[in-house]
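What follows is the residue order along each chain.
2 protein chains.
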Amino acid sequence: MKIKIQSYHTSDFPSELTTENYSVILWKGSGVFSVDDINYSYRGYNILFLSPYQKIKLASESDETIHVLFFHGDYYCIEYHKEEIACNGLLFNNIYLNPGVELSEENYNYILELFHHIKKEESEKHPFSESIIKTYIQLILAIGSKQKSSFENSVIAREKIPNKKAFEFQKLLESHFKNEKELSFYSSKLNITNNTLGKTVK
Amino acid sequence: MKIKIQSYHTSDFPSELTTENYSVILWKGSGVFSVDDINYSYRGYNILFLSPYQKIKLASESDETIHVLFFHGDYYCIEYHKEEIACNGLLFNNIYLNPGVELSEENYNYILELFHHIKKEESEKHPFSESIIKTYIQLILAIGSKQKSSFENSVIAREKIPNKKAFEFQKLLESHFKNEKELSFYSSKLNITNNTLGKTVK
Numbered sequence: 110m111k112i113k114i115q116s117y118h119t120s121d122f123p124s125e126l127t128t129e130n131y132s133v134i135l136w137k138g139s140g141v142f143s144v145d146d147i148n149y150s151y152r153g154y155n156i157l158f159l160s161p162y163q164k165i166k167l168a169s170e171s172d173e174t175i176h177v178l179f180f181h182g183d184y185y186c187i188e189y190h191k192e193e194i195a196c197n198g199l200l201f202n203n204i205y206l207n208p209g210v211e212l213s214e215e216n217y218n219y220i221l222e223l224f225h226h227i228k229k230e231e232s233e234k235h236p237f238s239e240s241i242i243k244t245y246i247q248l249i250l251a252i253g254s255k256q257k258s259s260f261e262n263s264v265i266a267r268e269k270i271p272n273k274k275a276f277e278f279q280k281l282l283e284s285h286f287k288n289e290k291e292l293s294f295y296s297s298k299l300n301i302t303n304n305t306l307g308k309t310v311k
Numbered sequence: 110m111k112i113k114i115q116s117y118h119t120s121d122f123p124s125e126l127t128t129e130n131y132s133v134i135l136w137k138g139s140g141v142f143s144v145d146d147i148n149y150s151y152r153g154y155n156i157l158f159l160s161p162y163q164k165i166k167l168a169s170e171s172d173e174t175i176h177v178l179f180f181h182g183d184y185y186c187i188e189y190h191k192e193e194i195a196c197n198g199l200l201f202n203n204i205y206l207n208p209g210v211e212l213s214e215e216n217y218n219y220i221l222e223l224f225h226h227i228k229k230e231e232s233e234k235h236p237f238s239e240s241i242i243k244t245y246i247q248l249i250l251a252i253g254s255k256q257k258s259s260f261e262n263s264v265i266a267r268e269k270i271p272n273k274k275a276f277e278f279q280k281l282l283e284s285h286f287k288n289e290k291e292l293s294f295y296s297s298k299l300n301i302t303n304n305t306l307g308k309t310v311k
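Sequence order for the protein chains is A and B.
Numbering follows the working numbering, in which position 57 of the first sequence is assigned residue number 166; successive positions increment by one, without gaps.
Numbering follows the working numbering, in which position 129 of the second sequence is assigned residue number 238; successive positions increment by one, without gaps.
Hints are supplied without guarantee of correctness; some may be wrong.
For identical chains, the list gives no copy identity; a pair is met inside one copy or between any two copies.
[To be verified] Derived SDA-like pairs (lysine to any residue); straight-line CA-CA distance at most 25 angstroms: (1) Lys-229 with Ser-258; (2) Lys-234 with Leu-223; (3) Lys-113 with Tyr-219; (4) Lys-234 with Tyr-219.
If you are wondering where the hints come from, they were derived from the structure by calculation, not from laboratory data.
Build the full structure now, drawing on both the sequences and the hints.
Pasting the structure below:
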């Protein structure tokens, strides 16, 4: 499979979905989903960007249609296209960020429209259809990146002070996790108690 | 100027328009336009792709709004992006093709909508706005290429037999125009009379 658009009802959604493709999942409603066993709650209009082999489970509280765009990394390579849209590490392959982004109703409807365009274009199989479909994918990633970067910036701005230690902890962890497994190593580096560190990174 | 969208009424359209930018001109109605002093008639929904410094004049029979997207070659380079959309030689820089393409009403409205999206995105000046605008440009070029290649293919298929000599004449002209200015040189190469050659390339 190079590219595919599939729709599910929340009741038909696989109990566990994992694929070799990149997935862009568009849904609305409310409930809880998990990606690689980390739970997130959602409400309203949402879009989710999953890297290959990430595992998603969904417990929806509402009955809605879920639209999923799958594309293979050989079809649209996010690294090759990083000049056009630098979404690697923002939308994909960032374990520190929620893989979901809340959308405005307008953006939700617009991206749903782009899904329909992709489906229509794919059925035409014109020599230029592939260029057009790749451009639609790029547009979805660009809009997603814009929305996510705005959201993350506002979260960071809001939480700047209380999370400063958590950020430092994250950096320390990245440098030392291989050799240092004890919490006290990190708390002493940060000049706080184990207890405070526990609360900070909650 | 890197990118700009401008609207004109047919009555306000400059008597002669030429710019250092690439231009994508969207209009409907009927009349005659010329590009570099070659006249073309048009009717219905149209899009026109002009390379930098091409000169356009318009004599419209109807009173309509003309929408023009200008973008600089440094902002969106059609050669750099030829992997994504090979429009050089098809939409741009091909002196043998009509620079205009007829559009369906649906595609006309869709591209007009993309113009509005570009305008809105440009006013937001978000860090991701440039990526999104470039993707919109790419989408317009891809849709234009699809439409034009379908149209040119059908024209070539229709005119294949009567235009074979004209095609050979074109090739000969490209090879010999520097040294051979006489029509008889070409007609003898093609084994036809000057008169027949004149009719063939009309």
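Going through the hints against the structure:
1. Lys-229 with Ser-258: Between. Shortest inter-copy distance 18 angstroms satisfies the 25 angstroms Cα cut-off; intra-copy 30 angstroms does not.
2. Lys-234 with Leu-223: Both ways: Lys-234 and Leu-223 sit 17 angstroms apart in one copy and 23 angstroms across, limit 25 angstroms.
3. Lys-113 with Tyr-219: Both: 18 angstroms inside a chain and 23 angstroms across chains, each within 25 angstroms.
4. Lys-234 with Tyr-219: Cα proximity of Lys-234 and Tyr-219: in one copy and across copies (23 angstroms, 20 angstroms).
Taken one by one, the earlier hints all hold for this structure without exception.
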